[in-house]
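Model the full assembly from the supplied sequences, consistent with the hints where possible.
So the sequence lines, in the order shown, correspond to chains A and B. Numbered according to this note's numbering, the first sequence spans residues 1 to 257. Numbered according to this note's numbering, the second sequence spans residues 1 to 264.
Hints are computed from structural coordinates only; laboratory data are not their basis. Errors might be hidden in some of the hints.
Some chain A residues judged to face chain B by a derived CB distance under 10 Å, without partners named [said to hold, decoys possible]:
#1 Gly149
#2 Ala152
#3 Gln163
#4 Leu165
#5 Leu174
Where is the CB? At the ideal position from N, CA and C, for every residue including glycine.
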Amino acid sequence: MTSSRLLSIGAPVAVGVLFLVVWQIICRVWNIPPYLMPAPSDIGASLMTNGPVLLHALRSTMLVTLIALGVSVVAGVLVAFLLVQSRVIERSLMPYVIILQVTPIVAIAPLIIILVKTTMPALVICATLIAIFPIISNTLQGLRSVDPGLEAFFRMHKASRLQLLLRLRIPGALPMFMAGLRISSGLALVGAVVAEFVAGTGGNSAGLAYEILQSGFQMDIPRMFAALALITLAGLVLFGATAALQQLVLRRWHEHG
Amino acid sequence: MVTETVTLQAVEKVFPNGVRGLAPVDLNIRQGELVTLIGPSGCGKSTLLKLIASLHAPTAGSVSWWGGDFSRVGSEGRRLSFVFQDPTLMPWSNVTTNVRLPLDLDGVPRAEAEARVLPALEQVGLSHAATRFPAQLSGGMRMRVSIARALVTKPDLLLMDEPFGALDEFTRNRLDEDMARLCARDGLTTIFVTHSLYEAAFLSSRVIVMAASPGRIYAEYAIDPGMPRDENFRLSNEFAAICRDLNALLSEVSHLDHRTEQAQ
Ligand SMILES: Nc1ncnc2c1ncn2[C@@H]1O[C@H](COP(=O)(O)OP(=O)(O)OP(=O)(O)O)[C@@H](O)[C@H]1O
Ligand SMILES: [Mg+2]
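Given below as structure tokens:
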């Protein structure tokens with residue numbers, strides 16, 4: 001147990017450290033200038049000096065991501081519940097859900113930015129449009145994938161629609177929903193960054209994408225990498241948080257004793 | 001006092017795809033009987049059981065429950081429980097909540113329902129596992145939880161569709177003995193579907209042998225020895241004779257099957 005734990009944490013850390021060391025050595029030995037390829041130490045230094053600005057940008061990006069994720073969960077679950085109500089509703093709405101999924105949101109992001117004048121809501125709308133689909137499709141599939149035997153049992157005991165929903169459909173949909181949430185959390189971050197790129201707004205609500213753009217204009221490549229590192233970090237934290245939530249919620253399903 | 005629990009009159013089932021699941025069947029289940037349905041795969045045993053549980057509607061003919069329609073089922077003195085081939089437990093709930101489910105659905109107050117769960121678990125020898133989750137139980141234990149869930153409503157008619165089909169023979173025999181004891185003690189009326197003629201011979205007071213394509217009742221066979229039966233019954237000459245008779249009936253049915261297949 002402990003040794004496998006050590007391996008699952010220690011091995012990737014070792015790989016990461018090795019990668020950074022090799023990167024550092026290559027940059028120093030060949031004397032690659034930082035504006036072409038900064039060494040890890042340059043990025044670290046940039047992270048220190050630009051810390052306050054970058055952290056502020058990280059806060060903005062995370063805010064958009066989390067709001068978009070929250071809206072996706074609420075709206076996505078509501079849409080899934082609506083679709084599962086009847087075949088007619090599903091038949092008439094499902095094509096639009098699919099259109100939403102197959103249209104690259106990057107392509108309509110500029111339109112949204114133009115239509116919605118205030119920056120923050122525009123960013124949230126873009127990120128939500130990207131993040132919502134896995135929630136809808138997974139929740140829908142979860143609500144559908146009810147054990148037919150259990151459903152027959154509920155029917156035999158003349159269960160009401162509400163009882164069926166609360167005691168069978170919702171708990172039964174949880175694993176699929178949680179899987180959808182994990183995918184969506186990553187997509188919400190992608191959506192937020194993409195929307196920031198398109199909007200390109202600076203000022204108080206400047207996000208990490210804006211910092212990357214600016215660093216590019218100023219040829220401050222270490223700062224660009226530093227911003228990128230923070231986006232990755234944010235993605236990892238989101239991934240870890242949703243994985244932990246999934247573990248917590250579904251613990252009992254998989255427990256073998 | 002009414003002694004019939006369920007009566008089927010010329011009940012027929014044709015599925016939407018045109019398959020004749022059941023040719024007209026007449027059947028009368030009397031109170032306190034343990035009837036087993038046996039026959040080749042696809043002969044309509046599950047279909048018959050689902051018609052009785054009102055999970056299917058008959059294409060023709062009528063089913064009556066305690067002399068009335070299905071709306072009478074569920075009230076005092078007319079309860080029906082179904083044990084499926086799979087345990088069909090809720091994986092997100094522990095054993096207690098799983099067993100309590102039918103009481104919750106029937107609107108029994110929580111405190112009363114809780115109080116009835118433990119005796120039901122004791123009946124199937126699982127009182128020690130009350131707080132465990134289905135994933136933590138063995139296949140046989142899950143099946144016993146499923147039986148406890150069926151017994152907790154104190155059913156007047158218990159329907160079981162090959163409940164022990166997936167279990168090893170040793171576990172199956174033990175559960176059969178438990179069933180025989182429980183049914184005899186409470187005078188439980190039971191319809192039991194099985195593939196095993198030994199199980200049918202051990203449990204039933206009446207065996208109904210079914211034939212396939214279309215599903216129909218081929219023969220009935222009454223078994224006299226009183227309940228409860230135990231392991232000794234399994235070793236008796238009488239048991240051997242019953243098994244021989246049932247085996248003869250089943251091979252007749254399978255030859256019949258063979259002939260209709262050749263004719264087609
Ligand atoms: N929902 C359905 N739609 C169409 N045909 C069905 C359906 N359910 C059962 N059948 C058909 O009806 C016939 C009887 O099926 P049933 O499940 O009652 O057989 P069974 O005796 O329980 O078989 P087994 O011992 O294998 O469980 C079969 O030919 C089957 O293909
Ligand atoms: Mg069957």
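Going through the hints against the structure:
| no. | hint | result |
| --- | --- | --- |
| 1 | Gly149 | 4 Å, holds |
| 2 | Ala152 | 5 Å, holds |
| 3 | Gln163 | 6 Å, holds |
| 4 | Leu165 | 13 Å, violated |
| 5 | Leu174 | 7 Å, holds |
Figure legend: structure checked against the earlier numbered hints; the only hint not met is number 4.
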